[in-house]
Amino acid sequence: EAGVAQSPRYKIIEKRQSVAFWCNPISGHATLYWYQQILGQGPKLLIQFQNNGVVDDSQLPKDRFSAERLKGVDSTLKIQPAKLEDSAVYLCASSQGQGGYTFGSGTRLTVV
Amino acid sequence: GNSVTQMEGPVTLSEEAFLTINCTYTATGYPSLFWYVQYPGEGLQLLLKATKADDKGSNKGFEATYRKETTSFHLEKGSVQVSDSAVYFCALSNFGNEKLTFGTGTRLTIIP
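Sequences listed follow chains C and R, in order. So that you can map any letter, position 21 of the first sequence is 21 in my numbering, and since no number is skipped, the others follow by simple counting. So that you can map any letter, position 72 of the second sequence is 72 in my numbering, and since no number is skipped, the others follow by simple counting.
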């Protein structure tokens with residue numbers, strides 16, 4: 001079984017620029033998550049999708065972050081404009097229920 | 001709200017030493033509890049889990065017991081190896097909502 005695919009692996013941008021991350025979940029997994037992991041902290045949920053609908057986006061900074069999951073398969077997370085404090089690893093995960101999570105390797109974003 | 005408190009690191013042990021990483025939690029209801037591991041340069045991997053009180057999760061020589069009376073889920077291993085060097089995260093989720101709440105992580109280094 002293929003894992004959760006994420007790209008790019010690394011990204012360096014200047015503050016106020018925009019950036020987008022892509023995630024392709026495991027085939028058949030209805031639920032998709034984006035987590036933000038700041039250095040030295042545990043991952044924090046940004047947004048949770050069930051198929052192509054949003055279940056929880058309460059921690060998503062909506063003034064600058066957006067995410068979509070068209071057709072209920074792959075997903076894109078965008079930041080516009082980026083701030084220095086957005087430097088983090090962005091993890092995508094998918095599941096088919098009851099803690100059966102699979103995480104991708106993440107995208108490491110550095111904002112300078 | 002939910003929260004997870006982990007033993008602060010970093011933790012450095014000699015090979016074959018006994019390992020304990022403490023984890024306590026605050027949650028409504030009866031959460032499921034998890035330990036995830038993150039090896040250098042890799043994504044998060046589920047190490048073990050327990051879904052109800054007194055359950056013991058185990059994998060690769062690691063164990064953790066769900067203690068409802070002390071709201072704890074401490075990770076233990078009887079004899080650590082160099083290959084166990086990684087960052088370990090304790091996490092929980094509530095039944096019916098798979099959102100994971102993570103602790104801050106404990107970096108473990110095993111020296112030969």
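There's no promise every hint is true.
Derived, one-sided and incomplete: chain R residues facing chain C with beta-carbon distance under 7 Å [said to hold, decoys possible]:
no., residue
1, Y25
2, K68
3, E98
Here are the computed distance ranges between Cβ atoms for each label pair [what the hints assert, rightly or not]:
no., chain 1, residue 1, chain 2, residue 2, range
4, C, K71, R, R67, 23 to 31 Å
5, R, K68, C, Y10, 38 to 46 Å
6, C, E14, R, S58, 42 to 50 Å
Calculated from the model, a selection of chain R residues having no Cβ within reach of chain C, i.e. all distances over 10 Å [to be verified]:
no., residue
7, L13
8, A27
9, T28
10, Q45
11, S58
12, T104
The set of hints was computed from the structure by calculation and includes no laboratory data. Every residue gets a Cβ at the ideal spot worked out from N, C-alpha and C, and that includes glycine.
Status of each hint after checking the structure:
A distance limit of 7 Å between C-beta atoms decides the matter here; for Y25 (chain R) the minimum to chain C is near 12 Å, and the interface restraint is violated. At a threshold of 7 Å, the smallest CB-CB gap from K68 (chain R) to chain C is about 18 Å, leaving the interface hint violated. Here the hint on E98 (chain R) is kept, as its CB sits about 6 Å from the closest CB of chain C, short of 7 Å. Between K71 (chain C) and R67 (chain R) the C-beta distance comes to about 44 Å, which lies outside the given range of 23 to 31 Å.
Restraint check, K68 (chain R) to Y10 (chain C): a C-beta distance of roughly 42 Å satisfies the suggested window 38 to 46 Å. For the pair E14 (chain C) and S58 (chain R), the supplied restraint of 42 to 50 Å holds, since their beta-carbon distance comes to about 47 Å. Even its closest Cβ contact with chain C, about 21 Å, leaves L13 (chain R) beyond 10 Å, as expected for a residue assigned away from the interface. A27 (chain R), annotated as away from the interface, keeps every beta carbon of chain C farther than 10 Å; the closest lies near 14 Å.
The beta carbon of T28 (chain R) is kept farther than 10 Å from every beta carbon of chain C, the shortest such distance being approximately 16 Å. Not every Cβ of chain C is farther than 10 Å from the Cβ of Q45 (chain R); the closest lies at roughly 7 Å, contradicting the non-interface assignment. Non-interface status of S58 (chain R) relative to chain C is upheld: no Cβ of that chain comes within 10 Å, the nearest being about 16 Å off. Against the 10 Å criterion, T104 (chain R) falls within the reach of chain C, whose nearest CB is about 5 Å from its own CB.
This entry does not satisfy hints 1, 2, 4, 10 and 12, going by the numbered hints stated previously.
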